[in-house]
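Chemist: What follows is the residue order along each chain.
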Amino acid sequence: QSNVTLYGRADVGIGSVKEAGKSTSKMIDNNLTTSRWGLRGTEDLGGGLKANFKFEQRLNLSTGDIQSPAFKGETSLGLSGGFGAVTMGRFTTVYDDVRALANANSVFDSNSFTPASAGVYGSGGDYSSRFGSQIRYDLPAMGGFYGAIGYAFESAADKDDGMTALKLGYKTGALNVALGLQNEKGSDNDYLALSASYDFGAAALSGGYNSRKGSDAKGDDTEFTVGVNVPVGAFDFSLGYASSKTEIGGSTSVKSSGLGLGATYKMSKRTRAYAGLSNVDFKNGSGTKTGDKRIFALGLRHDF
Amino acid sequence: QSNVTLYGRADVGIGSVKEAGKSTSKMIDNNLTTSRWGLRGTEDLGGGLKANFKFEQRLNLSTGDIQSPAFKGETSLGLSGGFGAVTMGRFTTVYDDVRALANANSVFDSNSFTPASAGVYGSGGDYSSRFGSQIRYDLPAMGGFYGAIGYAFESAADKDDGMTALKLGYKTGALNVALGLQNEKGSDNDYLALSASYDFGAAALSGGYNSRKGSDAKGDDTEFTVGVNVPVGAFDFSLGYASSKTEIGGSTSVKSSGLGLGATYKMSKRTRAYAGLSNVDFKNGSGTKTGDKRIFALGLRHDF
Amino acid sequence: QSNVTLYGRADVGIGSVKEAGKSTSKMIDNNLTTSRWGLRGTEDLGGGLKANFKFEQRLNLSTGDIQSPAFKGETSLGLSGGFGAVTMGRFTTVYDDVRALANANSVFDSNSFTPASAGVYGSGGDYSSRFGSQIRYDLPAMGGFYGAIGYAFESAADKDDGMTALKLGYKTGALNVALGLQNEKGSDNDYLALSASYDFGAAALSGGYNSRKGSDAKGDDTEFTVGVNVPVGAFDFSLGYASSKTEIGGSTSVKSSGLGLGATYKMSKRTRAYAGLSNVDFKNGSGTKTGDKRIFALGLRHDF
Numbered sequence: 118q119s120n121v122t123l124y125g126r127a128d129v130g131i132g133s134v135k136e137a138g139k140s141t142s143k144m145i146d147n148n149l150t151t152s153r154w155g156l157r158g159t160e161d162l163g164g165g166l167k168a169n170f171k172f173e174q175r176l177n178l179s180t181g182d183i184q185s186p187a188f189k190g191e192t193s194l195g196l197s198g199g200f201g202a203v204t205m206g207r208f209t210t211v212y213d214d215v216r217a218l219a220n221a222n223s224v225f226d227s228n229s230f231t232p233a234s235a236g237v238y239g240s241g242g243d244y245s246s247r248f249g250s251q252i253r254y255d256l257p258a259m260g261g262f263y264g265a266i267g268y269a270f271e272s273a274a275d276k277d278d279g280m281t282a283l284k285l286g287y288k289t290g291a292l293n294v295a296l297g298l299q300n301e302k303g304s305d306n307d308y309l310a311l312s313a314s315y316d317f318g319a320a321a322l323s324g325g326y327n328s329r330k331g332s333d334a335k336g337d338d339t340e341f342t343v344g345v346n347v348p349v350g351a352f353d354f355s356l357g358y359a360s361s362k363t364e365i366g367g368s369t370s371v372k373s374s375g376l377g378l379g380a381t382y383k384m385s386k387r388t389r390a391y392a393g394l395s396n397v398d399f400k401n402g403s404g405t406k407t408g409d410k411r412i413f414a415l416g417l418r419h420d421f
Numbered sequence: 118q119s120n121v122t123l124y125g126r127a128d129v130g131i132g133s134v135k136e137a138g139k140s141t142s143k144m145i146d147n148n149l150t151t152s153r154w155g156l157r158g159t160e161d162l163g164g165g166l167k168a169n170f171k172f173e174q175r176l177n178l179s180t181g182d183i184q185s186p187a188f189k190g191e192t193s194l195g196l197s198g199g200f201g202a203v204t205m206g207r208f209t210t211v212y213d214d215v216r217a218l219a220n221a222n223s224v225f226d227s228n229s230f231t232p233a234s235a236g237v238y239g240s241g242g243d244y245s246s247r248f249g250s251q252i253r254y255d256l257p258a259m260g261g262f263y264g265a266i267g268y269a270f271e272s273a274a275d276k277d278d279g280m281t282a283l284k285l286g287y288k289t290g291a292l293n294v295a296l297g298l299q300n301e302k303g304s305d306n307d308y309l310a311l312s313a314s315y316d317f318g319a320a321a322l323s324g325g326y327n328s329r330k331g332s333d334a335k336g337d338d339t340e341f342t343v344g345v346n347v348p349v350g351a352f353d354f355s356l357g358y359a360s361s362k363t364e365i366g367g368s369t370s371v372k373s374s375g376l377g378l379g380a381t382y383k384m385s386k387r388t389r390a391y392a393g394l395s396n397v398d399f400k401n402g403s404g405t406k407t408g409d410k411r412i413f414a415l416g417l418r419h420d421f
Numbered sequence: 118q119s120n121v122t123l124y125g126r127a128d129v130g131i132g133s134v135k136e137a138g139k140s141t142s143k144m145i146d147n148n149l150t151t152s153r154w155g156l157r158g159t160e161d162l163g164g165g166l167k168a169n170f171k172f173e174q175r176l177n178l179s180t181g182d183i184q185s186p187a188f189k190g191e192t193s194l195g196l197s198g199g200f201g202a203v204t205m206g207r208f209t210t211v212y213d214d215v216r217a218l219a220n221a222n223s224v225f226d227s228n229s230f231t232p233a234s235a236g237v238y239g240s241g242g243d244y245s246s247r248f249g250s251q252i253r254y255d256l257p258a259m260g261g262f263y264g265a266i267g268y269a270f271e272s273a274a275d276k277d278d279g280m281t282a283l284k285l286g287y288k289t290g291a292l293n294v295a296l297g298l299q300n301e302k303g304s305d306n307d308y309l310a311l312s313a314s315y316d317f318g319a320a321a322l323s324g325g326y327n328s329r330k331g332s333d334a335k336g337d338d339t340e341f342t343v344g345v346n347v348p349v350g351a352f353d354f355s356l357g358y359a360s361s362k363t364e365i366g367g368s369t370s371v372k373s374s375g376l377g378l379g380a381t382y383k384m385s386k387r388t389r390a391y392a393g394l395s396n397v398d399f400k401n402g403s404g405t406k407t408g409d410k411r412i413f414a415l416g417l418r419h420d421f
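Protein chains in written order, with our numbering: chain A, 118 to 421; chain B, 118 to 421; chain C, 118 to 421.
Extracted from the complex, chain A is given alone in its bound form (with noise of 0.2 angstroms):
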């Protein structure tokens, strides 16, 4: 079958989740990647043009039910070539990409244990990473220079559910840096994040700042995060901090922080035994801690 791949991932482990004091030991999903499967292809049409398309479904390993909505992850048809890439359908915003730089040496940019994945970014309303009725336009590849710009239609014509994204980009040997933008329209929200990494080869770092501008009611985010990563031999060890703080009114109301720490042993290439930690805090706006969550979980990913 050459015209599509069948593609897909297992994640699953096992921890402890502690909130508000108590501990529970439970079959953990997801814990680095949301496990999938998926169908994906590209047909060269000629010139340089290309057909590319995406089906991808999310699920849970510990119960058997899959995400909604079905196809999750991702769907998508576009063409590519020299003029770029234009794809249509639901998918990841191309903000989502700049705050995916931003923790890339962050314990994995995993579910749990990255802490600005795991509870401490959005404090006042996190931005929404996938949007329907979705066209996205990348730049073709300029030196190290990269960008792109997606726009979501509205579902309907009394649906007030549309976006606006961009991001720029230079990127060269080690050196990754990225500014994203986001507006949706339904919330009232302008996301900005600027993001980097830098691969020194012993180590990697990453980190990134963030800021969501809402209503007068919702008021304003500003969250920073950072990142290593240590590869030795099969192993990765990484580390990872985040603290984000909302202000109503010019006066601070939450403000969270966390550190995430994890270790990832590669068995092959497509499979990784993983051990991590995170545990975030959450504080009301005169620093009286309000709640925290920790998790610990042991695992397995598998790609296919």
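No lab work stands behind these hints, which were simulated from the structure alone.
Some clues are possibly wrong.
Copies of the same chain look alike in the list, so a pair counts if it fits in one copy or across any two.
[Said to hold, decoys possible] Below, simulated DSS-like cross-link-like pairs (lysine-lysine); rule was C-alpha separation at most 30 angstroms, straight line: (1) 386 / 410; (2) 135 / 335; (3) 276 / 143; (4) 135 / 406.
Add chains B and C to chain A, keeping to what the hints say.
Modeler: Relative to chain A, chains B and C alone:
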């Protein structure tokens, strides 16, 4: 994997829909045909006998959702051989084959642009194109003659959801004509269709007449359609017209008519770009316009 | 695609179901086994170690629906090697393996025809054959001895849905015997099963005893089953009998017993035609018949 073929199609575009005088720009799914992926296979059992199966899921790229039921396209298992073919499961009716023939050259028998599909037909209630609990028998090839019958069991003792359908046709060289009948127990509707297509080479025509005989309250429909397709190099240009009328107690209650036109450009055997337009008008019994719908869309279709 | 195997099965037929004296002709899904498609793979990690995964969806051909959860058959990831095998996710319990052994030669361990599956067992509440949040350990091969334990974590802190199960068995040549235990926390039920099969060549037998110890209100069950399979050329003929009794506070509240018989014809290694019949009777404590269920079906099963 020689026992199963993984296949599919992605279709999405951008356009505008105008209804009740209000125009909306949006991403439009499935303009030519519905996006899908499926599994199918044929096993040679010897002596000309074959086992055949198909599981086909339908989806919308703009939202990532699947259509309902989960394998809406088809779930079937059957045997074929010198005796013809027997198929069991949930799939299109034999009557639907005849309706499709009438639209074969009418704007690519498409969801968005073919007037008979985009609102004209079924002014008094349209037929169900698929039935579950269905068994279908197709005659073997007999010169140019072909035929099939379909029967849907009631899904449970207290359900009135059975169906009986028949088609008879003749196909030779450029000509294809067919008659189709369908009775739906639950709705007490009797459908009849007479369809034909002819390929002149420089252009191909198709057209058909169909009717619904319903209850006194829902009345009867009479409908007809005609279309032409003109291939020019990698392009296909097509035009279609359809008209429908509902009569209750002998007097006309609804009239609808529509025009569609479109063009496709073959980027490869598997990938087409397309543009299309359809416009449908609805009138009441006294000929006053009560509504209209216009769709314009540009898009891509890719097979895998 | 060497990293993943795409596989499946389609099973559908036509028959009649008689319940409460009322007979209904209908399409019947999954008479022998449930229709499915899935993805599975095994990666060799070196040193005898392997990574294994499986995602399996179950569906009904007569309706096009999938069963719930979306990947009801199995969602698992694990490692196997000299130490045995560890598996995580949602899948059948080790106790279910022992129950299956008792029915191995009883009308093809089928959904419709095997009396233990078609209504006899579980007169007082049957066991759950699958658990999510489950970890399972299988011992390595040790002569003919085999064994496994399964543990299901509670899915959340406030859920009482855990499970513990064990099986121990011995298999050599024609003989296979096993003991299984399962405790379900939520229902406070303790299950025990003792099963065996023996292949005489001209015929293969299987049978088993199992019991449920429940709460005072739900009482206890004792159940047994026996079956025989006789291969004759491309045919298999099989007969099964099962009987079940529920006692509450020492007095019998429900008795059920059933007989099943069937035949399959191998059209190929992957495709079988089948016919089968099962009849189950229910009685109250004083021996008065309170209900019955009869299923007769003809159908096809195809593997891919």
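Chemist: Does each hint hold? Answer for all of them.
Modeler: Do the hints match the structure? See the list:
In this assembly of identical chains, residue 386 and residue 410 lie within 30 angstroms of each other by CA distance neither inside one copy nor across copies; the values are 32 angstroms within and 54 angstroms between. Taking CA atoms no more than 30 angstroms apart as the test, residue 135 paired with residue 335 passes inside one copy only; the shortest distance there is 28 angstroms, against 36 angstroms between copies. For a Cα distance limit of 30 angstroms, the shortest separation of residue 276 from residue 143 across copies, 11 angstroms, qualifies, whereas the shortest one inside one copy, 39 angstroms, does not. For a Cα distance limit of 30 angstroms, the shortest separation of residue 135 from residue 406 inside one copy, 15 angstroms, qualifies, whereas the shortest one across copies, 54 angstroms, does not.
In summary, the structure is inconsistent with hint 1 from the numbered list given earlier, while agreeing with all the others.
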